[in-house]
Structures are given as C-alpha cells and as structure tokens.
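Novice: So the chains spell out like this:
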Amino acid sequence: MLKSKYNIILIVLLAFVALNYFSKYLFVRLDLTENNAFTLSKATKEILKSLDENIEVIAYFSEGLPVDIAKSREELDNLLNEYANLSKGKLTYRFINPNESAATEEEANKEGIRPVMINVREKDQAKQQKAYLGAVIKVGDAKDVVPVIQPGIAMEYAFTTGIKKLVGKNKPKVGFVQGHGEATLQDLAQAYQELSILYQVNSSYVEYDTVDLSIYKTLVMIKPNDSIPPDHLARLDQYLANGGNLVLAYNQVEANIQYGMATPLNTGIKQWLSTKGLEVEDALVRDTRCGQVNVTQQQGFFSFSTPVQFPYLPLIQKFSGHPLTKGLEQVMLEFASPINFTGNPDYEFTPILYTSEKSSRENVPLQFNVQRNWTEADFTEKNIAVGGVLKAKAGGSIIVITDGDFAINGKEQRRQSEDNISLLVNSIDYLSDDTGLIDLRTKSVETRPIEELTDSKRNTIKYLNFLLPIGLVVVYGIFRSNRSRQIRMRRMEERY
Amino acid sequence: MSSPVWIITKKELNAFFDSLAAYILIIAFLGFSGFFTWISGSDIFLRKEADLAVFFSVSKWTLFFFIPAITMRMMAEENKTGTIELLLTRAITARQIVLGKFLACVLLIAITLAFTLSYYITVSSIGNIDHGATLCGYLGLLLLSAGYISIGLFASSITNNQIIAFLLALLIGVFFHFIFDMMSYGSSGFIGQLLSSLSASRHFDSMSRGVVDTKDLLFFGSLCLAALYLAELFVTKRTK
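Here the protein sequences line up with chains A and B, keeping their order.
Heads up: the first sequence is residues 542 to 1037, going by our numbering.
Heads up: the second sequence is residues 35 to 274, going by our numbering.
Calculated directly from the structure, the hints in this document are not laboratory data.
Misleading hints may appear alongside valid ones.
Far from chain B, by Cβ distances over 12 Å, these chain A residues were calculated [stated by the list, open to error]:
#1 580
#2 773
#3 776
#4 782
#5 833
#6 913
#7 917
#8 1000
Some chain B residues close to chain A (C-beta under 10 Å, calculated; not the full set) [what the hints assert, rightly or not]:
#9 52
#10 72
#11 91
#12 125
#13 228
#14 257
#15 267
Only pairs whose alpha carbons sit at most 30 Å apart, straight line, appear in this in silico DSBU-like list of lysine-lysine [unchecked claim]:
#16 A:583 x A:671
#17 A:923 x A:998
#18 B:249 x A:565
#19 A:679 x A:712
#20 A:546 x B:271
#21 A:590 x A:546
#22 A:705 x A:586
#23 A:899 x B:82
#24 A:590 x B:249
#25 A:631 x B:249
#26 A:583 x A:631
#27 A:631 x A:565
#28 A:629 x B:249
#29 A:923 x B:271
#30 A:712 x A:631
#31 A:867 x A:923
#32 A:586 x B:249
#33 A:546 x B:82
#34 B:94 x A:612
#35 A:679 x A:714
#36 B:114 x A:565
#37 B:249 x A:583
#38 B:249 x A:998
#39 A:565 x A:671
#40 B:82 x A:867
Virtual Cβ for every residue (Gly too), placed ideally from N, Cα, C.
Let the hints inform the model, and build the full structure from the sequences given.
Specialist: This is the structure we're talking about:
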C-alpha cells in the first residue's frame, strides 16, 4: 500500500510538471490594462490585414540562452504567431539558430545581424557566449533588418514599422518648404531618417505655380531667414484652406551669442500669423530651467572653458498632454519667443509647450551677457507658452514652435536630443498620419502620476490607510466576541 | 440544503474568527502590508505612481508566511485529536473535508484582502489608477494564495504536528516562491524553461501587470489540484 501511495505522488508530480512545461504552447491572453498595453495596436492589425504581398520574417535567434533572454524568443514567437494569424497567411516566419553551424552564422552576418555577448552560467562557471537576437523582414528583394530584439512594446513597433517601410507603396508626402533661407533636408538629417520610414520626404518650393501643393499631406517650414513674399504666404493660405497642414518652427528673434545681441527678425510670418489671431511677441523667454553654454576664460597663458547656465535656452519640461507631446520628457529650445492667442473666431489654439514655474520674458532688441549673475527677481512669470497647435475650423492646422533651431543638425551635423527630434517627427505624424502608427510610437506603459498633496494631507492619507484596516479588524473582533458572550449568557439563562 | 463542503467551510471560518490567533495574523498581515505600502520603503508617495504595485509585491511576501500559519492547524489538529476519523465515519468524504477547508482558507484570504480595498479607493482618488490592472493584481494575489493554501493543506495532512506542518509548507513554498525562479536565471534550455514554468512568483508577476494568461491560470489551477489531491490521498490513507 505504501508503495502505491508513493507511486501516486510521483505520477501527480510528473503530471503537474509536464502540464506546466507544455503550457507554453497554449497561449491565450486577456489584457485587462486600460490602454491595452499588452495587446497589438489597431495600427498593426490594419497594416497586417491589408497586406497584398507575401512577407517572410526570419528570426536569427541563438538557442540555449539563459531563461531571461530566451523569454524574448518566446515573446517574439508569440508576436509573430499573432502577426501570421492576422495576415491570413501573407506573413510567414521561421527561426534559425546561427550557432548551429558556420553556414547559418555566416548567413546571419550576411543579413546584417551582429552577435551580442551575454553572460551564461554553465557548470558553476560564468562565461560569455556569442548570441544572435535579430530578425530580417523580407518582401521580394527588399528587406529590413531588426538587429537586436528587445522584449515588450518596442518589439511590436520595430516589426510593424519594418513591414510598413517595405509594403508602404503609397506613403504620404511631406514637403519641406525651401526658398527663404530655410533649413535643408541635409541640415535635418536626424529627423529625415525617422520621417523617411513612413513618408516620402521632398523639398518643396511654394513660389512656383507649377508645384502642386495639394500632393503634400503636410508642409514643413523650418527656420526661414529671409522675408517671405505675400504671394507665397497666400499660396500657403490656399493650401491650408484646402485641408493642408503646416509645421512651422521659426525664429521671431535673431540672436547672436558671440556678440550678445538679439534683434527682431522680419520674415513676414509674424504679420501672417497675427491675421489668424496668433501673436508671436518680439521678445525672448528666460527660464531658470535651461541649457548651458561654454564660456572661455583667459588666465595668464591658459584658457579655460567653463559651462554656465544660460536662461535663454529654456528646457521645456511642461507639456499640455496633447497627443503629439505624449512620451516627451525634455525639449531644449534656443532663444524662443512667447506666443499668445488674441482670438479669431475661425481658429482654435491649443498651447503645447510651456516654460517652467520660474521664467520671464524680455523685449528685444536687447543685449545679453552670458556671464550675468541671475537672481530670483529675473524670473517673475510662469508657464509662458512657446508653441502650440492652431486649428482652422474649416481647413488644416498649423503647429507653431517659436524656435527654428531645435531640430537642426546643421552642416556640422551636431546631434540633437531624441526628444527634440521626436517633437518635430510627432508634429508631422500628428498632422499627416492616419494609420494610427503615432499611437504605436508613443505607446508605452503609461505613467500615472499621483496628485501633488500638502504634507498634512499626505500624512493623513498615510496613517489613515495604515490604521483604518487594522482598526476595522479590531472593532469586528470586539463585536464578535461580545456577541458570542451574549449568546453564551442567553443559553445559560435558558438552561437554568 | 447545504452541501457538506459548505458546512465545513462555514464551521472552519467561524472557528477561525472565534480565535485570537486569527486576529493577530490578519492584523500582522495588514500591518506589514500597510506599513510598506504607505509609510516606509519605496511607498506610494515615494514612487509617485497611482498603482498598487508596492502593495502587490509586499503582499506576495507577507502571504507567503501568513498562509502556512493558517493552514498548519487545519488537518494536523484533526489528525492529532482524532476528530478526522470521527468526521470520516459520518457521511462525509475525505475530498469534501479537504475542499471545505480549502474553501474556508481562500475565503479568509479574500476577506483579509477586502480590508485593503481602502488602499485602492485612496489611490484612485489621488491619481488615475488602471482599474483593470489592479483587479488583475488582486486576482493574482488570490490565485497565489490558493496555491499556497493547497500546499499548506497538503503539508498539514501528512503530520500530527502543527509546527512540522508550518515548516514543511514553508519549505515547499520556498521552492515555488523563489528557488525555481533563481535557479532558472542561470540555466538555459529545457531545464531553465522547466524551472521558469514552475515559479509561482513569475506567474504572479505576469498577472500583476494586468494580463491574464492561460499559462498562469493553468499553473495555479494545476498546483491547487495536485496539492489538494495529495492531501485527500493522505487523509484517506490515514483513516484506512
């Protein structure tokens, strides 16, 4: 009998272990999060459903990796399985283990997948192992490489944009207006790289009647320096009235940091915007949250370069919560001007970028000194708007940002922060993209901040939550014990 | 007409709430969880996030110790006093006894967790809480508890001694709680995946982000079934 008992225990344990091991092949999940953070986005679903070409995904994934990394493979397998199901057979995928043979490794390298080194523990010894964690998406002869696969939402974004890049035949057109000293596409290399995934990006010349502006979903005008003739602005107006959109990042004030001078720049845009009820002031904002500039000081034979805070380079951390600023943390502007909506019944204005709680504005022309000692009294205002969306009730929208330099890499190709580039790309996405990919780009596990509370309120909440449940249990205990005592007493009375 | 399972559940719950030990345990659970959720460590005000992630991760640990303390006497006491034979001579099966006690423990945990609903109400009043994810977190806690209750009942069914039952439940629990998980990190291949699929913590963590996966449901379901079946086996054999 004893033997049979242990046999049963063994069978139960084996069944339990086997069931759970094979449960990975059974995969149905219910996403209860509010923004469906763990479910495929609408954009992905629509792109997959509308595929008319065959797509092959080859995942070059090493086997025998530690579980935490192997989990990425499992997630990718699940993701591609979902993709394949949604594409109704148009998308197929397979896994290749590049560590299997020299030939497969060479194939992975030829496809552009580079190995990464990871730490593995084997026979009680830590060692480094070469691993491949990439994939190639192929449509006919064209391909797109995902060199390293990261688990989570980034995975969906990488594959969906990869597919979109390859199959998007009719990509929307975005035109960068030229001809008035604007930044060229070469000056905007970082933004261009991002935009070319989803759009056909061209230079566009508004002065020629022969150019049909209506082919552009959105026009972009970055840092015009020369005055813009009224007939060019009239063409823009006509384009906007027909439903076109414009992203305008321009300097109302021209500042020269070397000479310490800031003067108004007359491009004609100020007057053009004022007819729509939007006033860009001939002023600069100053902010205590700001970037730095290097100041060179000469001491004897030596020169030192020291970084100093420069309030005319506001670090924008306050956003309105508009979809186009979702996911942004910090954008640095250079010499931005305040913006106000004075009112126009044909337009609606939504500010999107604000200065911090300690900022102010200063009218131009002005002379500034980089080494000036700033005091609290220099920052008496708060939350000055420096960018926003002007939406025509009939027609398209204009996104205005009062700094033309924030996304420019320039001839010297200086690198801009990711958030600066995202602000420009998101603006264009917001105005041009109707596939919903903008949601996927900014889709993340949302942060849900709690309200700022006063110290006393916070302490009340803390101790109330700590003590209330305990108090309730104690009260219930006392109530129950009293009740039992009464019942006991009553029974005793009945007996005697 | 009440079924025998329900009669045992009610009797156990009443007995539990009539004992001082129950109140000490519940207050200890609420005290620990409340303290680390609201007052010290990486509490809600330090994280500044409107969610109950801190509470879930603290509870995962407090329940791990709290549950064996509840289940240790469930069977062991009956074994010691011989009341289990008495029960089985009535028209009650071993399965009904085990199920009744299991249900009583699960209800007790559910009641204890209900006392923390004030956390949920408070957080949703000071921030935009994700209701679905929070609900899923509570469901995860309840399933994790059900798993540990089954292990506890099994441990309690094989001995007369409550202390041994407590320690044995902890010992088995330790494997599911973190040893399988830790071992799976360094290892790869079949063994790594096998160990990872047996980690209760991983299944719970996956649920507490707001996703109900068949893998997690299957794990907790099969854990309960296996442990309760073995408990029933020991109760039956003991009386034969």
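Novice: Against this structure, judge whether each hint is valid.
Specialist: Outcome of the hint check:
At roughly 9 Å, the least C-beta separation between residue 580 of chain A and chain B is not larger than 12 Å, which violates its mark as non-interface. For residue 773 of chain A, the condition that its CB be more than 12 Å from all CB atoms of chain B holds, with the nearest at approximately 46 Å. The Cβ of residue 776 of chain A sits about 45 Å from the closest Cβ of chain B, beyond the 12 Å cut-off, so the non-interface label holds. Residue placement check: residue 782 of chain A keeps its beta carbon more than 12 Å from all beta carbons of chain B (closest about 39 Å).
Distance check on residue 833 of chain A: its Cβ is at least 28 Å (rounded) from any Cβ of chain B, clearing the 12 Å threshold; non-interface status holds. Listed as outside the interface, residue 913 of chain A is consistent with that label: its C-beta sits roughly 35 Å from the nearest C-beta of chain B, beyond the 12 Å cut-off. With a minimum CB-CB distance of about 27 Å to chain B, residue 917 of chain A clears the 12 Å threshold, and the non-interface call stands. Once the 12 Å rule is applied to beta carbons, residue 1000 of chain A is inconsistent with being away from chain B; the minimum gap is 10 Å.
For residue 52 of chain B, the shortest C-beta to C-beta distance to chain A is roughly 7 Å, which falls under 10 Å, so the interface hint holds. This hint holds: residue 72 of chain B has a C-beta 5 Å from the nearest C-beta of chain A, less than the 10 Å allowed. Hint status for residue 91 of chain B: violated, given a least beta-carbon distance of 16 Å to chain A, over 10 Å. With its C-beta approaching chain A no nearer than about 25 Å, residue 125 of chain B sits outside the 10 Å limit, and its interface hint is violated.
The interface hint given for residue 228 of chain B is met, as the beta carbon of that residue sits about 5 Å from the closest beta carbon of chain A, less than 10 Å. A hinted interface residue such as residue 257 of chain B counts as satisfied when its beta carbon comes closer than 10 Å to some beta carbon of chain A; here the least separation is about 7 Å, so the hint holds. With 10 Å as the threshold, the beta carbon of residue 267 of chain B comes within range of chain A, its nearest partner Cβ sitting at about 6 Å, so the hint holds. Of the supplied pair hints, the one linking residue 583 of chain A and residue 671 of chain A is violated, its CA atoms being roughly 36 Å apart against a limit of 30 Å.
For the hint pairing residue 923 of chain A with residue 998 of chain A, the CA-to-CA distance comes to about 26 Å; that is within 30 Å, so the pair holds. For the suggested pair residue 249 of chain B and residue 565 of chain A, the alpha carbons sit about 6 Å apart, so the restraint of at most 30 Å is met. Under the criterion of a C-alpha separation no larger than 30 Å, the hint pairing residue 679 of chain A with residue 712 of chain A is consistent with the structure, at around 18 Å. A hinted pair counts as satisfied when its Cα atoms are at most 30 Å apart, and residue 546 of chain A with residue 271 of chain B qualifies at roughly 8 Å.
In summary, the hint linking residue 590 of chain A to residue 546 of chain A is not supported, as the alpha carbons are separated by about 55 Å, beyond the 30 Å threshold. With a C-alpha separation of about 12 Å, the suggested pair residue 705 of chain A and residue 586 of chain A falls inside the 30 Å cut-off, and the hint holds. A hinted pair counts as satisfied when its Cα atoms are at most 30 Å apart, and residue 899 of chain A with residue 82 of chain B qualifies at roughly 23 Å. The suggested pairing of residue 590 of chain A with residue 249 of chain B holds, with an alpha-carbon distance near 28 Å, which does not exceed 30 Å.
Restraint check: the Cα-Cα separation between residue 631 of chain A and residue 249 of chain B comes to about 28 Å, which is no more than 30 Å; the hinted pair holds. Simply put, residue 583 of chain A and residue 631 of chain A have alpha-carbon atoms about 18 Å apart, close enough for the 30 Å limit, and the pair holds. The suggested pairing of residue 631 of chain A with residue 565 of chain A holds, with an alpha-carbon distance near 25 Å, which does not exceed 30 Å. Taken as a hint, the residue 629 of chain A and residue 249 of chain B pair is honoured in the structure, with Cα atoms around 25 Å apart against an allowance of 30 Å.
Simply put, residue 923 of chain A and residue 271 of chain B have alpha-carbon atoms about 78 Å apart, too far for the 30 Å limit, and the pair is violated. For a cut-off of 30 Å, the pair hint linking residue 712 of chain A to residue 631 of chain A stands: about 21 Å separates their Cα positions. At most 30 Å may separate the alpha-carbon atoms for a hinted pair to count; residue 867 of chain A and residue 923 of chain A meet this at roughly 22 Å. Distance check on the hinted pair: residue 586 of chain A and residue 249 of chain B sit about 24 Å apart at the alpha-carbon level, within 30 Å; holds.
Our distance criterion of 30 Å between C-alpha atoms is broken by residue 546 of chain A and residue 82 of chain B, whose separation comes to about 53 Å. Proposed proximity of residue 94 of chain B and residue 612 of chain A is supported: the alpha carbons are some 23 Å apart, at most 30 Å. With a C-alpha separation of about 24 Å, the suggested pairing of residue 679 of chain A with residue 714 of chain A holds against the 30 Å cut-off. With a CA separation close to 42 Å, the supplied pair residue 114 of chain B and residue 565 of chain A exceeds the 30 Å bound.
The straight-line distance between the Cα atoms of residue 249 of chain B and residue 583 of chain A is roughly 25 Å, inside the 30 Å bound, and the hint therefore holds. The hinted pair formed by residue 249 of chain B and residue 998 of chain A fails the criterion: a straight-line CA distance of about 42 Å is larger than 30 Å. A C-alpha spacing of about 26 Å is found between residue 565 of chain A and residue 671 of chain A, which places the hinted pair at or below 30 Å, so the restraint holds. The suggested pairing of residue 82 of chain B with residue 867 of chain A holds, with an alpha-carbon distance near 19 Å, which does not exceed 30 Å.
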